[in-house]
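Peer 1: Assemble the whole structure, with the sequences as input and the hints as a guide.
The sequence shown begins at 1 in this note's numbering and counts up one residue at a time.
Derived from the structure by calculation, the hints contain no laboratory data.
Note that the Cβ used here is the ideal one computed from N, Cα and C, for glycine as well.
Please note that a few of the clues may not be correct.
Unchecked claim - Using C-beta positions, here's what the derived DEER-type ranges look like:
| hint | residue 1 | residue 2 | range |
| --- | --- | --- | --- |
| 1 | F209 | W180 | 36 to 44 Å |
| 2 | A297 | K97 | 18 to 26 Å |
| 3 | Q608 | K476 | 51 to 59 Å |
| 4 | R635 | A602 | 21 to 29 Å |
As the list claims (entries may be wrong) - Calculated pairs, DSBU-like style, for lysine-lysine (alpha carbon to alpha carbon, straight line, at most 35 Å):
| hint | residue 1 | residue 2 |
| --- | --- | --- |
| 5 | K395 | K476 |
| 6 | K476 | K390 |
| 7 | K97 | K191 |
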Amino acid sequence: MVTGALEYLWLVPAFPLLGVVLNGALALFAERPLLLSGAGAGGVAPYRRAVAVLAPAAVGASFAAALLCVASLAARAPDDRLFVRFLFPWIEAGSFKAPASLLLDPLSAVMILVVTGVGFLIHVYSVGYMSHERAFARYFTYLNLFTFSMLVLVLADNYLLMFVGWEGVGLCSYLLIGFWYDRRSAADAGKKAFVVNRVGDFGFLLAMFLAFWTFGSLTYTEVFARAGGMAASGTLTAGLATTITLLMFLGAVGKSAQIPLYVWLPDAMEGPTPVSALIHAATMVTAGVYMVARSGALFLLAPATMTTVAVVGAATAIFAATIGLCQTDIKRVLAYSTVSQLGYMFLACGVGAFTAGIFHLATHAFFKALLFLAAGSVIHALSGEQDLRKMGGLKGRVPVTFVTMAVAALAIAGIPGLSGFFSKDEILWKAFNAPAYGPVLWAVAAATAGITAFYMFRLVFLAFYGPSRMDPGVEKRVHESPWTMTLPLSALAVLSVAGGWVGIPAVLGDAVGVPNLLERWLSPPGAVGAEHHSAALELGLMALSIGIALGGIWLAHRLYRARPETPGAIAARWPALYDAVRNKYYVDELYDRALVRPAVRAAEWLWQMFDARLVDGIVNGAAVLVRAAGERVRRLQGGIVGGYAFSLLLGAVLIVGYIIYRSAG
Numbered sequence: 001m002v003t004g005a006l007e008y009l010w011l012v013p014a015f016p017l018l019g020v021v022l023n024g025a026l027a028l029f030a031e032r033p034l035l036l037s038g039a040g041a042g043g044v045a046p047y048r049r050a051v052a053v054l055a056p057a058a059v060g061a062s063f064a065a066a067l068l069c070v071a072s073l074a075a076r077a078p079d080d081r082l083f084v085r086f087l088f089p090w091i092e093a094g095s096f097k098a099p100a101s102l103l104l105d106p107l108s109a110v111m112i113l114v115v116t117g118v119g120f121l122i123h124v125y126s127v128g129y130m131s132h133e134r135a136f137a138r139y140f141t142y143l144n145l146f147t148f149s150m151l152v153l154v155l156a157d158n159y160l161l162m163f164v165g166w167e168g169v170g171l172c173s174y175l176l177i178g179f180w181y182d183r184r185s186a187a188d189a190g191k192k193a194f195v196v197n198r199v200g201d202f203g204f205l206l207a208m209f210l211a212f213w214t215f216g217s218l219t220y221t222e223v224f225a226r227a228g229g230m231a232a233s234g235t236l237t238a239g240l241a242t243t244i245t246l247l248m249f250l251g252a253v254g255k256s257a258q259i260p261l262y263v264w265l266p267d268a269m270e271g272p273t274p275v276s277a278l279i280h281a282a283t284m285v286t287a288g289v290y291m292v293a294r295s296g297a298l299f300l301l302a303p304a305t306m307t308t309v310a311v312v313g314a315a316t317a318i319f320a321a322t323i324g325l326c327q328t329d330i331k332r333v334l335a336y337s338t339v340s341q342l343g344y345m346f347l348a349c350g351v352g353a354f355t356a357g358i359f360h361l362a363t364h365a366f367f368k369a370l371l372f373l374a375a376g377s378v379i380h381a382l383s384g385e386q387d388l389r390k391m392g393g394l395k396g397r398v399p400v401t402f403v404t405m406a407v408a409a410l411a412i413a414g415i416p417g418l419s420g421f422f423s424k425d426e427i428l429w430k431a432f433n434a435p436a437y438g439p440v441l442w443a444v445a446a447a448t449a450g451i452t453a454f455y456m457f458r459l460v461f462l463a464f465y466g467p468s469r470m471d472p473g474v475e476k477r478v479h480e481s482p483w484t485m486t487l488p489l490s491a492l493a494v495l496s497v498a499g500g501w502v503g504i505p506a507v508l509g510d511a512v513g514v515p516n517l518l519e520r521w522l523s524p525p526g527a528v529g530a531e532h533h534s535a536a537l538e539l540g541l542m543a544l545s546i547g548i549a550l551g552g553i554w555l556a557h558r559l560y561r562a563r564p565e566t567p568g569a570i571a572a573r574w575p576a577l578y579d580a581v582r583n584k585y586y587v588d589e590l591y592d593r594a595l596v597r598p599a600v601r602a603a604e605w606l607w608q609m610f611d612a613r614l615v616d617g618i619v620n621g622a623a624v625l626v627r628a629a630g631e632r633v634r635r636l637q638g639g640i641v642g643g644y645a646f647s648l649l650l651g652a653v654l655i656v657g658y659i660i661y662r663s664a665g
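Peer 2: Take a look at the structure:
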């Protein structure tokens with residue numbers, strides 16, 4: 001039964017698509033008329049209950065199908081773990097063929113489990129979090145559509161079908177960021193995300209064009225098979241491989257919010273908190289990392305691109321982490337943390353540690369989704385308050401939320417035994433051993449880890465410890481979230497603790513007899529072998545990174561628990577530095593002056609020159625010409641009977657004259 005499950009791989013994306021159809025129908029035929037009539041939530045309970053069951057059930061069924069398919073794949077021999085499920089012919093034009101086919105291999109298997117598993121928990125959480133939202137069915141329609149698009153992205157067997165999912169998640173991101181479109185900030189954030197992502201998507205499109213021109217195909221297996229032979233023969237030069245991969249990386253930079261296209265992600269926090277957890281922490285923003293890992297065979301042929309990926313990742317990691325130090329909005333702290341952790345993943349890919357990058361992608365999905373959902377629980381308890389300066393003393397008021405967020409904070413800080421420790425340490429070790437600038441990359445990544453531990457526990461201490469800084473009216477209504485929200489929090493907390501043990505480093509695993517299962521799963525057959533390196537050096541660097549993380553936690557405790565007046569004194573002593581960090585180094589303002597305003601002025605000039613003068617001039621000129629001709633012709637219709645008789649006589653004479661002329665000829 002299990003071994004034949006691969007034939008039903010199409011069910012994995014089909015279930016969320018069915019959810020889109022059913023919930024979309026309820027949104028159109030049940031929700032919309034009630035919204036237009038002004039009916040409240042109490043009058044729409046039947047359809048809301050249907051949506052609350054259908055939307056999570058669709059993703060849950062997809063997760064169950066994914067589990068069966070992955071189990072079927074795992075039952076195969078290691079050299080036979082690649083399955084393609086042809087669905088239907090899609091595009092065939094001359095020599096170009098792009099079928100609608102799904103590919104399941106170890107890499108896409110990890111991705112579909114993360115997307116559907118974490119996605120299911122977030123759908124369940126959303127039932128409670130969005131329970132008072134009037135556009136309930138519309139929200140879950142978008143959420144199911146996102147899940148479908150993300151599954152298409154990771155299961156596609158060619159770049160063109162991947163791009164369909166790529167654009168699909170971009171559309172869903174726009175719709176969900178701007179879900180509360182009546183708020184100007186949300187609508188603007190949705191447009192900002194859409195426009196910035198188009199920059200990266202343009203690079204991805206060019207990469208596909210160039211890849212097809214080079215390899216004659218966009219199917220992964222064909223492209224990667226031909227790339228090796230063409231590189232060996234000299235047909236695929238280093239320059240051509242670099243151009244293709246740099247354009248691909250541009251697409252990844254946009255989708256995964258790296259320097260310089262990271263600016264859309266913090267503003268995306270205007271959307272509902274579960275959206276931030278699913279799209280902007282656990283799945284969509286990791287699409288760029290997945291694309292780079294999927295294209296690893298090409299990237300390894302372009303050393304310059306690999307260096308670029310590593311440098312951009314490291315720079316983004318520490319840059320975004322420093323911004324998170326001074327943010328006061330609980331969701332924006334987590335947003336900049338996401339940008340920073342994505343930089344970690346790209347650093348891993350840039351040094352050739354694709355398995356480590358995907359490992360961190362998975363563990364990050366667990367603890368960052370948990371952090372966002374726990375933040376949403378805090379916001380829910382405080383009636384919508386997001387300012388850390390107006391919190392405090394919540395530890396005993398929302399115990400489940402506190403415990404789960406503390407677990408997630410420990411995981412992202414890299415405390416031993418939790419999931420983030422294993423994946424972070426793997427990246428640090430691989431970065432240290434990089435042939436170019438390895439120790440420098442390690443130092444940047446280690447410093448980022450310390451900063452991450454500091455600002456995450458700054459968040460914990462400000463929100464849950466100390467005296468209450470809440471408004472009296474808000475404090476009276478503080479309450480723990482319902483079970484539909486706390487149950488997903490608890491499940492993600494378990495994953496944040498135990499999820500990293502599938503990739504325990506060899507230096508630790510050998511001591512306790514636990515293999516690195518994830519590395520065995522993702523590596524090609526025969527590629528996993530004993531590494532020749534100093535175990536003492538690796539353990540020493542591991543101990544140093546743990547010390548750095550603990551130092552960050554200690555410093556946060558020192559500043560925000562033991563001496564809470566100190567941060568204000570530091571800000572007063574260095575006001576310019578504090579303002580620069582708090583205002584995100586004024587990057588948005590710089591982009592506005594250097595790019596947005598000139599683009600607006602250029603568009604206005606083009607509109608005046610071409611639209612208003614040329615296009616409108618041609619259209620208006622034609623209208624004036626027709627009107628002038630009409631004025632002349634109108635004079636023939638003067639209402640004078642004698643004039644009409646003369647016209648008839650003149651016409652008759654002309655006709656008779658023409659007939660006589662033709663007869664004589």
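Peer 1: Cβ-Cβ distance between F209 and W180: within 36 to 44 Å?
Peer 2: holds (38 Å)
Peer 1: Can you let me know if the beta-carbon spacing of R635 and A602 is within 21 to 29 Å?
Peer 2: violated (48 Å)
Peer 1: Check whether the Cα positions of K476 and K390 lie no farther apart than 35 Å.
Peer 2: holds (14 Å)
Peer 1: When you check the alpha-carbon spacing of K97 and K191, does it fall within 35 Å?
Peer 2: holds (34 Å)
Peer 1: Please test the hint of 51 to 59 Å on the beta carbon pair from Q608 and K476.
Peer 2: Holds - the Cβ-Cβ distance for Q608 and K476, about 57 Å, lies within 51 to 59 Å.
Peer 1: Take a quick look at whether K395 and K476 sit within 35 Å of each other, Cα to Cα.
Peer 2: Holds: K395 and K476 sit about 15 Å apart, inside 35 Å.
Peer 1: Does the Cβ distance between A297 and K97 fall inside 18 to 26 Å?
Peer 2: holds (21 Å)
When the structure is compared with the earlier hints, a violation turns up for hint 4 alone.
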